[in-house]
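Here the protein sequences line up with chains A and B, keeping their order. First residue of the first sequence? That's 1 in the working numbering, and the numbers climb one at a time after it. First residue of the second sequence? That's 1 in the working numbering, and the numbers climb one at a time after it.
Keep in mind the hints are simulated off the structure, nothing from the lab. Watch out, some of these pointers could steer you wrong.
Cut-off 27 Å, straight-line C-alpha distance, at most; resulting in silico cross-link-like pairs (DSSO-like, lysine-lysine) [as the list claims (entries may be wrong)]:
# : chain 1 : residue 1 : chain 2 : residue 2
1 : A       : Lys-60    : B       : Lys-79
2 : B       : Lys-37    : A       : Lys-55
3 : B       : Lys-191   : B       : Lys-173
4 : A       : Lys-55    : B       : Lys-173
Remember, predicted model here, so these are calculated numbers, not experimental data.
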Amino acid sequence: MTVAHHPQPETLMAYAAGTLDQAYTVVIATHLAMCGACRGEVAHLEDVGGAILEKEAEAKIGADALDRLLSALDGSPEEEPRPAPIKRHEGVPSPLAPYLKGGLESIEWKRKGPKAWLAELEVPANSHSRLVLLKVGAGAAMPEHGHGGHELTLILSGAYNDRFGRFAAGDLADHDDDVDHQPIAEEGEDCICLVALDAPLAFKSRLMRVLQPLTGL
Amino acid sequence: MYAASMNEAPDRGSTPVQAPQADASALLLRVAEHRDKQALSALFTLFAPKLKSMMLRLGANEALADDLVQETMLTVWRKSHLYARRKGAASTWIYTIARNLRIDHVRRLSSRPYADVEAIEIESDAPSSQQIIETNETVSRVKAALAILPKEQMEILSLSYEHDLSQTEIAEKLGLPLGTVKSRMRLAYEKLRPVLGDLQ
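Please work from the sequences and hints to get the whole structure.
In structure tokens form, the structure reads like this:
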């Protein structure tokens, strides 16, 4: 898979620092599953974390803390138990698998227009972001729209074109606030994207803006 | 002196931890390959005070900070076989373990996506021992580069990596537009990028 469009460096940095909200983390991790170059880049950015840990001040450790650790070892399994593998479906990278247990075929799409469908994936209740799948019919245009905050769009299948180029499976569009663009899905195949969006309110207002021309609401 | 010429570590004034970090990788490999509890104790002495300081700053109280340090070091013990396959700088690997625990316990979100990516990375390649040395050197170079980073860029990195704040939270805390936070982070990235190792 040749990936042409990658996250912005500051987005990968926030991922390495562990400060992205859950939906953004899942989208970036899914891109990383598809992009070896960005995995290497994140490993480098984690070295920044290592350097900062080395510079860290030292807090006082209780006299019994080491003994406590050593006695815990004896009751500890030799290796970290691996989390139970989640059944993966064709075309579903492992970081996305927990959110798509039935695979791409079993998604319950909600029709949002003549050639636009949406499915919301469940993220932890305290998340400040939403994770959605968006499907645009082959050849159809998404209405031109600005972004109500930080938006990450990862192409899972199919492809679209906009003024930033051609986005196919594995490509990620990392857009901010006021970027206007008009993606048009390529002919021949529906385009399915994994999208992380800001908090519910921003999402709703943006969704309304996107869907208004489609639904006439 | 002969021994001194063998050890041409650049003199970084009062930064005393360059040699111990190279040792830390060797200690981690002893834990992985020989289940060596003395090596784990030495790692605890090196890292526990720093990890605790990090957890306290994130708002953990004394007891929770102690527990998170225990859990980090216990994870080091249990997962050292994964370090032995992936290698890199010891401090970076321990940082990622602490980061993931922080996501699970402080943010109350799931660090599973990180674990999945780590598993993919381990399956895809195994760095050579040459790369271990390079990565330990990388961390030393990054520390030197951080020391001369403009103050406002270091502030953003510190709030992100050390204080666990999102870009939005940093913008709120500093009273800056989000775009300014992002561009400062980008500038810091561009300054650090040349010392981080090969472009992929």
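Hint check results:
The suggested pairing of A:Lys-60 with B:Lys-79 holds, with an alpha-carbon distance near 26 Å, which does not exceed 27 Å. Straight-line distance between C-alpha atoms of B:Lys-37 and A:Lys-55 comes to about 25 Å, which keeps the hinted pair within the 27 Å bound. Between the alpha carbons of B:Lys-191 and B:Lys-173 the distance comes to roughly 24 Å, so the proposed pair stays at or under 27 Å and holds. Of the pairs offered as hints, the one joining A:Lys-55 and B:Lys-173 holds, with about 23 Å between alpha carbons and a cut-off of 27 Å not exceeded.
Of the hints listed earlier, there is not a single one the structure fails to meet.
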